[in-house]
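*Asks:* Once you have looked at the hints, place chain V on chain H.
Number of protein chains: 2
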Amino acid sequence: MIRSTSLKSLAIAASLLGLGGCATVREPGPSASAAPLATPPATMQYLYGSAEAAAASAQAYAALTGQVAARLPRRASAVLAAGATLDRLRFAECGDRPTAVLFDMDETLVLNLGYEYDEARSGASFDAARWGRWEQSGAHAVSPAPGAVTALTALRAMGVTPIVNSNRSAANAKATAAALTAAGLGDFRHGETMFLKGDVDGKSAKDGRRALIAQRWCVIAMAGDQLGDFSDLFTGDPAARRAAAQAPAVASMWGSGWFILPNPVYGSGVTGDWDQVFPMDKRWADPAGKGGR
Amino acid sequence: MIRSTSLKSLAIAASLLGLGGCATVREPGPSASAAPLATPPATMQYLYGSAEAAAASAQAYAALTGQVAARLPRRASAVLAAGATLDRLRFAECGDRPTAVLFDMDETLVLNLGYEYDEARSGASFDAARWGRWEQSGAHAVSPAPGAVTALTALRAMGVTPIVNSNRSAANAKATAAALTAAGLGDFRHGETMFLKGDVDGKSAKDGRRALIAQRWCVIAMAGDQLGDFSDLFTGDPAARRAAAQAPAVASMWGSGWFILPNPVYGSGVTGDWDQVFPMDKRWADPAGKGGR
Chain H
0 MIRSTSLKSL AIAASLLGLG GCATVREPGP SASAAPLATP PATMQYLYGS AEAAAASAQA
60 YAALTGQVAA RLPRRASAVL AAGATLDRLR FAECGDRPTA VLFDMDETLV LNLGYEYDEA
120 RSGASFDAAR WGRWEQSGAH AVSPAPGAVT ALTALRAMGV TPIVNSNRSA ANAKATAAAL
180 TAAGLGDFRH GETMFLKGDV DGKSAKDGRR ALIAQRWCVI AMAGDQLGDF SDLFTGDPAA
240 RRAAAQAPAV ASMWGSGWFI LPNPVYGSGV TGDWDQVFPM DKRWADPAGK GGR
Chain V
0 MIRSTSLKSL AIAASLLGLG GCATVREPGP SASAAPLATP PATMQYLYGS AEAAAASAQA
60 YAALTGQVAA RLPRRASAVL AAGATLDRLR FAECGDRPTA VLFDMDETLV LNLGYEYDEA
120 RSGASFDAAR WGRWEQSGAH AVSPAPGAVT ALTALRAMGV TPIVNSNRSA ANAKATAAAL
180 TAAGLGDFRH GETMFLKGDV DGKSAKDGRR ALIAQRWCVI AMAGDQLGDF SDLFTGDPAA
240 RRAAAQAPAV ASMWGSGWFI LPNPVYGSGV TGDWDQVFPM DKRWADPAGK GGR
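Quick mapping for you: the protein sequence lines, in order, are chains H and V.
Under numbering that gives the first Met the number 0, the first residue of the first sequence carries the number 0, and numbering increases by one thereafter.
Under numbering that gives the first Met the number 0, the first residue of the second sequence carries the number 0, and numbering increases by one thereafter.
These are computed hints drawn from the structure, not numbers from a lab.
Keep in mind that the hints are not guaranteed to be accurate.
[To be verified] Derived DSS-like pairs: lysine-lysine, alpha-carbon spacing no greater than 25 Å straight-line:
hint: 1; chain 1: H; residue 1: Lys281; chain 2: V; residue 2: Lys173
hint: 2; chain 1: V; residue 1: Lys173; chain 2: V; residue 2: Lys202
hint: 3; chain 1: H; residue 1: Lys202; chain 2: H; residue 2: Lys173
hint: 4; chain 1: H; residue 1: Lys173; chain 2: V; residue 2: Lys281
Chain H with its partners taken away, still in its complex shape (with noise of 0.2 Å):
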């Protein structure tokens, strides 16, 4: 009963906040607001600011690397196939399509620190002209994630070809391709090694686009922020997606042929109300109840 009243709570927040269903788009962080911070987000002072998320970024590149040197012989794909559920995965054939490992770019493979502070310090929402504005002219103000460079140039010397799966918008390849090289992570070709929004279909969910990588390569290995970055089939509310990704098959993947780096500054994992954040057999009541504060 909670649960469903939270549920409305949300559809009827996401709808006054103009969100769609789909996990990968942009949702206001705590920046979505007015007056201007007097320090960066605590999202934000964390991802882009951290010693301890650089740490959390390096550490699943390392881990990335060592899984896939070590999947290299088997040549098991982390994609799941058409008509696999979360229940039962079961994964894309590799037949002798040349080895491959799929990347999400912003907040996976780069760090958006130019946009994020011209948000935030203006106290800005998400406005999907002005980051249309930063696809065509940021690519001197990312940076790569930690790890993601030396993980890059590890995978190349094992003969594995990096590939981007991106909203960024097709429309603006040339200039997204420049922001990848600018970043130090080598160079992406358009339909080749790196795939837009609008190459495939013009939705923001990427199984379509996955699909046809998988057509092409064989995937060992997926990186990401959003869980839209492997696969369309999370759905539902926050407490219904946290639990399917901890279902054993799924949990499985995550340090194996998945790979998730730290975001909580926008996307799927910043939403949710008190219910669906907290549930009701994990409260606790300070017992010197509000007098001390």
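*Replies:* Here is chain V on its own, set in the frame of chain H:
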């Protein structure tokens, strides 16, 4: 110049908040506001509510388990030796000591849902007395971090002993052991497999307890959510700490002997002013100016 001004501002802010320079001191996050929040702070939505953070936690624990299995024959300590520096890592001797893995507790082995709900919902700032009451009475309202139960079960099956090094108070040892057990993490004995603040010295810094533990155990891996869970050598402003975490020798530890869990909610990763979080060479100004907002 900008950096030194920023450092000064940070020091002033820290002193106003009654915070020391210790990496493990809890700092108020975005919940440190008097006004009730309509939804949980983004940091808590992410850490406690999202599938993405659950995946990151499961991934870290999977990497730890895999690396422990691989490192078991070598018995190489992950604890820095006395006199080690971040430029020249040297590790403790293992001798014939029994094999162990060292864990921080809060936001590493367990998620403090009950405490954080109470604090965020009431709009209160962190309060050490309330936290003490939480240590004493919150056992029912912690959750195991995703992946932790599976990992500890696997470690024990390998003959590796999980040890806790926490800044919870030695005075609350019994309740703390009960909280770990209630979370499904097994039994921990104070002074044997669980070391708390006050056991060796009164410090939040953990090197003293780590040194004691390393005299008794061959610690082949460590896990935590703050750099202070690995060494007290990580000091300085956020930018300096972030650079230190990515310097080659230290970078190679992430996902190898050191395993970090996500925590954007509080602690040493949630600090920093604009100049510390966003380097000057990674800024971008929207070419359309502010007109479009």
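*Asks:* Could you run down the list of hints and mark each one as holding or not?
*Replies:* Each hint, compared with the structure:
Proposed proximity of lysine 281 (chain H) and lysine 173 (chain V) is supported: the alpha carbons are some 20 Å apart, at most 25 Å. Straight-line distance between C-alpha atoms of lysine 173 (chain V) and lysine 202 (chain V) comes to about 20 Å, which keeps the hinted pair within the 25 Å bound. With a C-alpha separation of about 20 Å, the suggested pairing of lysine 202 (chain H) with lysine 173 (chain H) holds against the 25 Å cut-off. Taking the CA atoms of lysine 173 (chain H) and lysine 281 (chain V), the gap is about 20 Å. The hint holds against a cut of 25 Å.
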